[in-house]
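*Asks:* This is what each chain is made of:
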Amino acid sequence: MTEMVYGTAPVRDVEPILPKWWRTIDKASMSFILILFAIGILLGLAASPPLAAKNGFDPFHYVQRQAVFGGAALVAMLLTSMMSPILVRRLAVLGFAVAFVALALLPAFGTDFGKGAVRWYSLGFASLQPSEFLKPGFIVVAAWMLAASQEINGPPGRLWSFGLCVTIVLMLALQPDFGQACLVLFGWGVMYFVAGAPILLLLGIAGAVIFAGTIAYNNSEHFARRIDGFLSTDVDPTTQIGYATNAIQEGGFFGVGVGEGQVKWSLPDAHTDFIIAVAAEEYGLILVLAIIALYAGVVIASLSRLMRERDPFIRLAGTGLVCMFGVQAMINMGVAVRLLPAKGMTLPFVSYGGSSLLAMGIAVGMLLAFTRTRPQGEIGDILRGRMR
Amino acid sequence: MIRTPLRPLARILEARQKGENPDAIERENIRLRHEEMRDKLRVRAEQRLLLLGIMFFCAFMVIGARMGDLAASEPAEPRAASGGASIVAQRADIVDRKGRILATNMETHSLYAHPQQMIEPERAAEELGKIFPEIDVADLKKRFTSDRKFLWVRKKLSPEQKQAVHDIGEPGLLFGPREMRLYPNGPIAAHVLGGTRFGQEGVHSAEVVGTAGIERFYDDVLRDPAREGAPLELSLDLTIQAAAEKVLYGGMKIMNAKGAAMVLMDAHSGEIVSLASLPDFDPNDRPLPATGNDPSISPLFNRAVQGVYELGSTFKIFASAQALDLGLVNPSTMIDIRGPLKWGKHKIRDFHNYGRELDVTRIIVKSSNIGTARLAQMVGATRQKEFLEQLGFLDITPVELQEAKRAKPLLPPNWSELSAMTISYGHGISTSPLHLAAGYAAIANGGYTVKPTLLRQNSAKYGPRVLSAQAAEASRAMLRLVVSHPDGTANFGDVPGYGVAGKTGTADKPKPTGGYYEDKVIATFASIFPISDPKYVLVLVLDEPEIHAAGELRRTAGWTAVPVAAEMIERLAPLLGLRPAIEPASLAGITLSSN
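Residue numbers (my numbering), protein chains in the order written: chain A, 290 to 677; chain B, 24 to 618.
The hints are simulated quantities; they were obtained by calculation from the structure and are not laboratory data. It is possible that some hints are incorrect.
Partial list, computed: chain A residues near chain B (C-beta under 7 Å) [stated by the list, open to error]:
1) V455
2) Y481
3) F482
4) I537
5) I575
6) V577
7) L578
8) A585
9) L592
10) M596
11) M619
12) L629
13) P630
Over 12 Å on every C-beta distance to chain A, these chain B residues come out as not near it, computed from the model [as the list claims (entries may be wrong)]:
14) R56
15) R61
16) F79
17) A82
18) R89
19) G91
20) D162
21) A187
22) L197
23) N353
Quantities reported herein were computed from a predicted structural model and do not represent experimental measurements. Heads up, the beta-carbon is just placed ideally off N, CA and C, and yes, glycines get one too.
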C-alpha cells in the first residue's frame, strides 16, 4: 500500500562503500602494513635523534615528520584501496602521465640537494621525487598494455610497454638513479613473466647474464675486484656495511636494549637505508624476523589472492606492485646482511621518508584495491561444467 | 589494410548461403577462442604466480637465516685502523754478526692535545710542566687556550710519563700509539747505525725514517714489509766494537787528540768488524747537525768514513808493493836517497837524513820520502794512478753508510809526475781511513782487492787480483820489519804473540786557508795481524795528538797512534779468536841445571 502511494522506496543497487570495503579488503596485508608502519615509528624514535641533533633539530623532529607523512600515506592508502580497479587504472594513468612529464622536466627544474643526482623537486617544506610516483603509475600502465595485448585483435601492448619501460629506465639511469631504474625494469619483467613470457626466452636471458657475468669477471679486473670484495668474508669495519654487520652481531637474539644501540651514531643512513641494523642491534633477531615475516606475509598473501584473480589487468598490475614492494624490502635487508652488494634502497614503510612514503602508500593502496575479493565468474565455470 | 581471416570459414560460408549474418558467428567464435585463451593464460599465470610466491618466500627465508647466522656469531673486535698495519710496517731490527741486537723497536706513546676538549687548560699546562721540565709552561698555556684544535705535546713518552699525564685527568690530553727506534747499546756503533726520526706522523702511527748511517742507507730495506721483520745482519761484532771504542777513547785522551777513528776489517771478506769514530753520540738522542762550515766538529761526523785526510807515509807501502809487483825492484835493491830531491821548484825531504842510499826494505822501515818518491818515479804516474784506482782510493768507498757517499777522495786535478811522487808518500791525496783499510787488506790477503762492507759475509769475497802473491808477501815482510825492527817507526807496536805488521803515517794538517799547520798532525797506523796468517787489518787515526814523551813533545804516529793500536790489538785479538803464537823462548836466558 505504502509502495502504491509513495512509490517504491529506492533500493540502492550497490553495497555501501565501507562495509563492502571491509568485507573484501585483504585484511591480513593491510594489518601487516600498519604494523610495519608502527615499527617504523618505533625505530625512528631510536634511529633518528643523532641525525636530528646533527642537523640542529629537536631530537624527534624526524619522527614527527614521519608521523605526518606516514599519516598522509596511510590515508592515501585507505582511500586508494576503496576505489574500484577501473577508477584506480584511470587515476593511475593520469598520475603516470603527470609523473612522466615531471620526470622529463627534472633536468630543467629539479634540484640535486648537493648529492650529485638531480632527482627531486624542492617544495620548500618537503621534497618530491617524481620517480617514486612514477613507479606505481608505470606498473598500472604497463599492466594495462600487457593485458590489452592478450585480447584477440588487441594492440601490441608488450612492445609498447617494453618501449615505455626502456624509456623510463634510460631517463632514471641518466639522473643517475640505478636503484629505481632496476626496480622499474624488475617490475616490468615480473609482469611480463606472469603475462606468459616464453620460457625459452627466460632461459636464454638467464644464460646470457651468466655468460656475460663470467666474461666480465674474467676480463675486467675492476668487476672481479668488486665481486671478490663482496664475496670475501672480511668486512672493513669502518664501512657502512661493516658497522651494520657489527650492529647485527652485537644485537644477537634479543638485542642490547631499547635506545642502547651504538650503530645509529656511526651510520649516517641509520634512519633510512640501514634501519634494519638499528632494529637488529636494539631489539635483536626477534624483531628482525618479525619484520621479515611481515613483508613476506604481505607479498605471499597478495600473490595468493592474485592467483585467484581472473582479470588479466588486475592480476598483472597487482603482481607488479607487490613484487616491487617485496623486492625493495628484500634488497634493503639483503644489503644489510651482505647478501647483496651495497645499494641505497629504503625499507618500505619502516624507513624514514617524506614523499616516498606517500608514494608507497598510494602504491600499496592500489595493491589493496586490486587484491580485494570480487566475483571471479566461477559460477560460469560451474554452469559450463568446467570445474577444476 | 590487414585482412583478417574469416573463421570458422565453413560455417560463415554456410551462413552466407543461408542469408544469415556471418558476423554473429565470427563474434561467437572470437568469444570462445578468447575464453579458451584466457583460461590457458590464467592457468599459466597461476603457476607462475605460485613460483613467484615460492621464490619470494625462499628469498625472505634466506635473509632471515643470514640474519640469524649473523646474530648468533660473535661480534668481531673492532679493529683499529692502525692495528694490523703496524705489524707489517714495523722496521726491521739490526743485529750484529752474532745476532745481538743493535737497533730495535719499542712500543711507546705520543702525547697530543685537543685544546677545545680541555676543561682546565691552564692547570693541564702547569702539570705537564712538572712532568716535562723542559716544556715552556707559559707557551703551552698560550697554545692550550688558543683556538687551535690539535697540537703535539711530546713525540715519545716513557710509561712513567704516560701514567703521570694520565693522572692529570685532563680529557683533552690524548695518547697516540708510537713505535720508536731503540738502540739498546747507547753510543756503541753510533756512527754505523746513524739514527732515525719520525717521518709522516698521524695520531695513530708515525713512520720511522732513517736519517744517517746504515739506517738511512738501508731505509727502504728496513721498512720493506716483504722482509717480514727479518733482521739486518751486520758484520760488526758488538763485543769487539765495545772494546775497540773503549781503547780508542782511552788512547785519544792519553794522546790529547781531539778526535780518533779506527777501522777493523776482515782482510779476506772486506767485512768491517768494528768501526768507530770519536767523539761519538747516542743515536737514541741524536744531537742536531752542526751548523757551521766545518762538519768535523760535530760528534755526528764519522772520521773513519766521512773524514778524508792525507794519511801520509802509510801510503808508502803501495809504492813499494807496486814496484815489486812490476819487477822494477826487489826488497834489497839499493835506491839513491840523497836529498833533497828536487823536482821543478819542489824539494822533497826526509824527516831525518838516512844517508846516501837504502834498500827498498829499509826505505819502508825508516820511512824515507825520497826513497818512495824514487820508486814512484820508476813506476810512473799512469801506472800508479791505475793501481790506486784498483785499490779503490779514487772513488767513494762502497760501504753501506750514507755518509760514505759524501766522502769523495781529494785527488790532484792533474796526476803529474810530481803528484805521483808526493802521493807515493801520502801527500796530495786525501782519503778516508776506510779506504786505507781496504788498500791494506789487498796486501794482507795476498793481492786481491776487497769491497769494504758492513753486511755479514759467510766466506771470503775477493775482488780482482792487483798484486802478485810474492809482491804482497814481500810487502808484508817489510811491514813486519817496520814493527819488529828496533829502528822501525812502529817499534812500539809489537804485540807479543800476534805478529803485528804495519806502517805509520804522520801528515801535517792542511790549513783551511791553504798551506799546512806546523803543529797539528794526523797520526795514522795501518796494521795487519797476525803476520803468520794475515786475517785482519786495523787502521787507527788520531786527530791532532800530542804527548810529552822521552823529554820531547811528540806528535809522530810512532809515539801516538802506534801504542794505542798495539793496546787495541792486544785487547781485540783474543776476542777475535786469534791464538797467540808462542814465540820460542831464547835459550840464552835459561840455565840448565841438573841435580
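*Asks:* Would you mind marking each hint as holding or not holding in the structure?
*Replies:* Results of checking the hints against the structure:
{"no.": "1", "hint": "V455", "verdict": "23 Å, violated"}
{"no.": "2", "hint": "Y481", "verdict": "10 Å, violated"}
{"no.": "3", "hint": "F482", "verdict": "6 Å, holds"}
{"no.": "4", "hint": "I537", "verdict": "4 Å, holds"}
{"no.": "5", "hint": "I575", "verdict": "9 Å, violated"}
{"no.": "6", "hint": "V577", "verdict": "5 Å, holds"}
{"no.": "7", "hint": "L578", "verdict": "5 Å, holds"}
{"no.": "8", "hint": "A585", "verdict": "4 Å, holds"}
{"no.": "9", "hint": "L592", "verdict": "4 Å, holds"}
{"no.": "10", "hint": "M596", "verdict": "5 Å, holds"}
{"no.": "11", "hint": "M619", "verdict": "5 Å, holds"}
{"no.": "12", "hint": "L629", "verdict": "9 Å, violated"}
{"no.": "13", "hint": "P630", "verdict": "15 Å, violated"}
{"no.": "14", "hint": "R56", "verdict": "6 Å, violated"}
{"no.": "15", "hint": "R61", "verdict": "7 Å, violated"}
{"no.": "16", "hint": "F79", "verdict": "5 Å, violated"}
{"no.": "17", "hint": "A82", "verdict": "5 Å, violated"}
{"no.": "18", "hint": "R89", "verdict": "4 Å, violated"}
{"no.": "19", "hint": "G91", "verdict": "6 Å, violated"}
{"no.": "20", "hint": "D162", "verdict": "36 Å, holds"}
{"no.": "21", "hint": "A187", "verdict": "32 Å, holds"}
{"no.": "22", "hint": "L197", "verdict": "19 Å, holds"}
{"no.": "23", "hint": "N353", "verdict": "73 Å, holds"}
In terms of the numbered hints stated before, the structure departs from hints 1, 2, 5, 12, 13, 14, 15, 16, 17, 18, 19, listed from lowest to highest.
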